[in-house]
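4 protein chains.
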Amino acid sequence: MTSSTQVQVKKSTKKLENLGRLLVKCPDKAGIVAVVSTFLHNHNCNIIESSQYSSNPEQGMFFIRIEYHCDNLQEKSAQLEKDFEVIAKFHEMDYNFSYRNERLRTAIYVSKEAHCLMELLWEWQNGDLDTDIVVVVSNHEDARPFVEALGIPFHYIPANKEIRKQVEAEQIRLMEEYKVDLLILARYMQILTPEFVTHFESRIINIHHSFLPAFIGAGPYERAYERGVKLIGATSHYVTNNLDEGPIIEQDVERVDHRDDVSDLKKIGRQIERRVLAKAVKWHIENRIIVEGNKTIVFH
Amino acid sequence: MTSSTQVQVKKSTKKLENLGRLLVKCPDKAGIVAVVSTFLHNHNCNIIESSQYSSNPEQGMFFIRIEYHCDNLQEKSAQLEKDFEVIAKFHEMDYNFSYRNERLRTAIYVSKEAHCLMELLWEWQNGDLDTDIVVVVSNHEDARPFVEALGIPFHYIPANKEIRKQVEAEQIRLMEEYKVDLLILARYMQILTPEFVTHFESRIINIHHSFLPAFIGAGPYERAYERGVKLIGATSHYVTNNLDEGPIIEQDVERVDHRDDVSDLKKIGRQIERRVLAKAVKWHIENRIIVEGNKTIVFH
Amino acid sequence: MTSSTQVQVKKSTKKLENLGRLLVKCPDKAGIVAVVSTFLHNHNCNIIESSQYSSNPEQGMFFIRIEYHCDNLQEKSAQLEKDFEVIAKFHEMDYNFSYRNERLRTAIYVSKEAHCLMELLWEWQNGDLDTDIVVVVSNHEDARPFVEALGIPFHYIPANKEIRKQVEAEQIRLMEEYKVDLLILARYMQILTPEFVTHFESRIINIHHSFLPAFIGAGPYERAYERGVKLIGATSHYVTNNLDEGPIIEQDVERVDHRDDVSDLKKIGRQIERRVLAKAVKWHIENRIIVEGNKTIVFH
Amino acid sequence: MTSSTQVQVKKSTKKLENLGRLLVKCPDKAGIVAVVSTFLHNHNCNIIESSQYSSNPEQGMFFIRIEYHCDNLQEKSAQLEKDFEVIAKFHEMDYNFSYRNERLRTAIYVSKEAHCLMELLWEWQNGDLDTDIVVVVSNHEDARPFVEALGIPFHYIPANKEIRKQVEAEQIRLMEEYKVDLLILARYMQILTPEFVTHFESRIINIHHSFLPAFIGAGPYERAYERGVKLIGATSHYVTNNLDEGPIIEQDVERVDHRDDVSDLKKIGRQIERRVLAKAVKWHIENRIIVEGNKTIVFH
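Chains as they are written, first to last, in full-length UniProt numbering: chain L, 1 to 300; chain P, 1 to 300; chain U, 1 to 300; chain B, 1 to 300.
Since the hints were derived computationally from the structure, they do not count as laboratory data. Cβ atoms here follow ideal geometry from the backbone N, Cα and C, with glycine treated the same way. Among the hints, erroneous ones may be present.
Listed next, the in silico DSS-like pairs over lysine-lysine satisfying Cα-Cα at most 27 Å (straight line) [claimed, not checked]:
hint	chain 1	residue 1	chain 2	residue 2
1	B	Lys279	P	Lys112
2	P	Lys267	B	Lys279
3	P	Lys266	L	Lys295
4	P	Lys279	B	Lys267
5	U	Lys15	L	Lys282
6	B	Lys82	L	Lys25
Computed spacing ranges between beta-carbons, pair by pair [as the list claims (entries may be wrong)]:
hint	chain 1	residue 1	chain 2	residue 2	range
7	U	Asn242	L	Glu75	56 to 62 Å
8	L	Glu245	U	Pro158	54 to 60 Å
9	B	Glu254	P	Leu150	43 to 49 Å
10	L	Val86	U	Pro145	50 to 56 Å
11	B	Asn126	L	Pro27	16 to 22 Å
12	L	Glu201	P	Leu150	45 to 51 Å
13	P	Ser263	L	Lys179	41 to 47 Å
14	L	Lys112	U	Asp142	29 to 35 Å
15	L	Gly127	P	Leu150	43 to 49 Å
Covered, in the sense of this in silico footprint (three residues per stretch, anywhere, with C-beta under 8 Å from a C-beta of chain U), are these stretches of chain B [claimed, not checked]:
hint	region
16	35–49
17	83–95
18	246–252
With the sequences and hints as input, model every part of the structure.
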């Protein structure tokens, strides 16, 4: 079993800056895997992990995620991407190159309830969340102390229906100022306008406190209580302009019973929300997710 | 640890005919537990297990389930029930006495898909389902062989919208002929009329192949697939005249992913449906369930 | 369904100082429930919730947990306890009265890994942990900042085999100074001496990072990795003088696969440890646990 | 969403005889994926699904599972395998070609408890188990009726320590007569000799009624009860000559509590055993498993 420990060592000694990821989506046809893997091999990229999925053998779509190792990747990446363009064009590929040492810049939006924000900050502190949390935005002051204690800028932007437009203008300005790649709504209880959502398409992750499509909208725990369900859940999804109907990334549930009142459901639910959102965010920042139609393909 | 084995022995040697159950529901007030437990004690009934629940300390409802042991219970039960009437009346109790050696008479309704029926028959064969399955009714012939192989009468009653009335008349006649206490819809794919449902109020248990209230109605697996959920579920509930909206008894889920097509979801779902329905039926026949409004209180 | 919201209101308005709990363990005999419930009724205590368990109908042990409401309980509790002595003596009862407004004084022990400590502090901050965390003890300085930030005294006591005796002497002195009722070992990686454990019998809760009895002792994640298990777990238990063999309070697991190396198992495990320990601690401080032999009876 | 239904149609219309699988294990080096995928492409095999795993980026082992489609595969397969030999030799590959329309021939061994056997037979009847169950062997007569009712040969071979040698000789003869590829021990309660196990290396799947490595050997439920665990489990693994220590394929657990005695644990456990064994068998017959050392790599 020394081999196992060996693996550990190897992994940890592997240089992050030499690790790259490639996500590809294109019409399915024969030989795509050969084309992509040969391309990488010819560029001295060694495939460490790859997962592939075809939505339909004959005429559907083809999806692949590849993690590779390449010495001096930083110097080579520009050429690598340039050379890939030809292949991509020929095979009508949507694709995305990302690099382990180039971390996404993430903003977290929160309202009064801080448990999801806290979970993300903890994971981040533990080094379990491979991203840069560059700013926290809230319509309440509650979270300021522990956010600033971690050296993360905290912006208080009061919000309500009336002032939505200027609030979002201010938020967009902030996101640009902080060069934000990903927005996480960690129980941010404000409706976003279609303009705002479109502006950050496929880059906003929300946690909804129900097992969607059950209990779309407000008061899910109250409604779960009234329906007498025996399990409650939480759902993390990309935000689109259909409320709570965006592509689902992750869901989970916990058992409840007749003795649990609404406040008990909320307590239990907080635990589910925390872990479901944390998983969804991890998969996004590790480029494990491809959105196809209104669904997600998650390469674990 | 001999004690543990001892417990086994004791349990098995305990005579079933001396075991009784009492379910009580009444307006909550001080001293109810004292009243009921003292009554039982004075009638030489020793409480083996009891669970209690108050929906609201000050002015809500009170619910209790008691299992007791009483020597020669069979001779005493009539008097016991008679004496209890006074208390019940005074405290405005809904209540129900049942006896371990008086098993419910159960009918199972099934259509083409036999997995839920099979699960119940297996559990029953193993002695894990403490009821008498007295008849199986189906609108298809498929299940006849293995039902009759177990010596259970099988009645084929073709059904469709047009002939619903006479079909149900025939079914009600059958239920009376077999003195049926409980109807289980084990994937019986016919809509029941309000008359039929009312005739067997709180005595029909259905399995719905979704995590209610998600995907009410037809084609839940197809709709789950199209929505891209990450968990699918099944729900067992009492049948009321609101489709799929009766009191939920039990629910469970399994994880699925983007590679699972509708037929995969159905395979996975069959496993969930089987165990969810079997649990709900067990709890009903063990008198563990009290229906309150549109919810169930299940005393595990 | 207004009733449901009503319940909420009621609950919240109910005065904590009028809520009491009674735990009883005694030889099982006829009429115990009647005796206890009548006693409480005669003392104007209204039973809100009760759970009971008999390890063996004929000649085993009887266990009951009762939550009750009583006006001006604080003035009456002394008399209540005094009057109960007679009954308790007659029926050879072990029993324990506790009061919702008298919170346990809890100490948390931690080493380098802070995730379990953090979980408890969060739950406590959210008001989900009904205890007073009076002191944190560690053999490392790491946790000091965020512990003191919450206004909780932090004591750094370096520890190792050689100086174990004086370390424990110092710790016992501290526990007495802080009048500690409960010690939580939140990944405290030091062996305790029999003297220390005996001094706090049934008052020390540990989290072990495996699904006991699998992987007792050191390096459970390494050994789980080497064995190639498909689920990893965590176990919370009372500490006895048999390493990792005390009465189990709670356990849970998560799925892993061949791609997860030891560091992945540790990440996943941290999530399990956090929630398993938090649950066990909650049940202890809510007086839901009775230790019987080397097992726990947990009244949920 | 019509596309989704389309997918269904396509899948079902795809001819099984044109679907092949390739499992490869070899020392990890750059370009393996390119080599294999190019080979398949050049032989007009279109990769439908592929999963890959490297135990160690620099110098570990490489594992890949590929499902492909190829017109007239039956005529081409011989040449395909022949041509692959060169590559395999050069890259020191262990590999295995299998074809969807060539189903494994499976034997099921059972003793008194039939629940695991029944589960496999049901799945098989439902068309959910893609294998040929060619014979059932038992040291009891109990299962004969329903096995023969399905037209499967049933062989009663009494067994015990004394006659083990001739019993196994008889069993091996039977396995050869029926050309058995896979042996499933569905709660077959006899110890097998090293000779027997070696004879069917990596081709015997067992279900052990505990969460291994906890409770290795006899009486796991009794011991789980005595230890007071809060979850019980089952483990399916390949049989080696170390009792209950072979490579684990799948494990699962269910929650239990203090009210569950040994007979309850056995009831609950039966449900776990059934689904854990069924999953393990499915993965084996779909060639999803590679054994590496004492672990399994399962490509879901």
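Outcome of the hint check:
1. A threshold of 27 Å between alpha carbons decides the hint, and for Lys279/B with Lys112/P the separation of about 25 Å falls inside it, so the pair holds.
2. With a CA separation close to 12 Å, the supplied pair Lys267/P and Lys279/B stays within the 27 Å bound.
3. Distance restraint check for Lys266/P and Lys295/L: the Cα-Cα separation of roughly 19 Å lies within the 27 Å cut-off, and the hinted pair is therefore satisfied.
4. About 12 Å separates the Cα atoms of Lys279/P and Lys267/B, which keeps this hinted pair within 27 Å; it holds.
5. Straight-line distance between C-alpha atoms of Lys15/U and Lys282/L comes to about 43 Å, which puts the hinted pair past the 27 Å bound.
6. Distance hint between Lys82/B and Lys25/L is unfulfilled; the C-alpha atoms sit about 33 Å from each other, more than 27 Å.
7. Taking the beta carbon of each, Asn242/U and Glu75/L are about 59 Å apart, inside 56 to 62 Å as hinted.
8. Roughly 56 Å separates the CB atoms of Glu245/L and Pro158/U, a value that falls within the hinted 54 to 60 Å.
9. Checked against the hint of 43 to 49 Å, the C-beta distance between Glu254/B and Leu150/P comes to roughly 27 Å, which is inconsistent with it.
10. Range check, Val86/L to Pro145/U: Cβ separation about 54 Å, and the 50 to 56 Å hint holds.
11. For the hinted restraint 16 to 22 Å between Asn126/B and Pro27/L, the CB-CB distance of approximately 35 Å leaves it violated.
12. Between Glu201/L and Leu150/P the Cβ separation comes to about 59 Å, which falls outside the hinted range of 45 to 51 Å.
13. Taking the beta carbon of each, Ser263/P and Lys179/L are about 46 Å apart, inside 41 to 47 Å as hinted.
14. Between Lys112/L and Asp142/U the beta carbon distance is about 30 Å. The supplied range of 29 to 35 Å therefore holds.
15. Between Gly127/L and Leu150/P the Cβ separation comes to about 59 Å, which falls outside the hinted range of 43 to 49 Å.
16. Check on the region 35–49 of chain B: 0 of its residues sit with their Cβ under 8 Å from a Cβ of chain U, so the three-residue criterion for coverage is violated.
17. Counting residues of the region 83–95 of chain B whose beta-carbon sits less than 8 Å from any beta-carbon of chain U gives 0, not enough to reach three: the coverage restraint is violated.
18. For the region 246–252 of chain B, the stated coverage by chain U is satisfied: 6 residues place a CB nearer than 8 Å to a CB of that chain, which reaches the threshold of 3.
This entry does not satisfy hints 5, 6, 9, 11, 12, 15, 16 and 17, going by the numbered hints stated previously.
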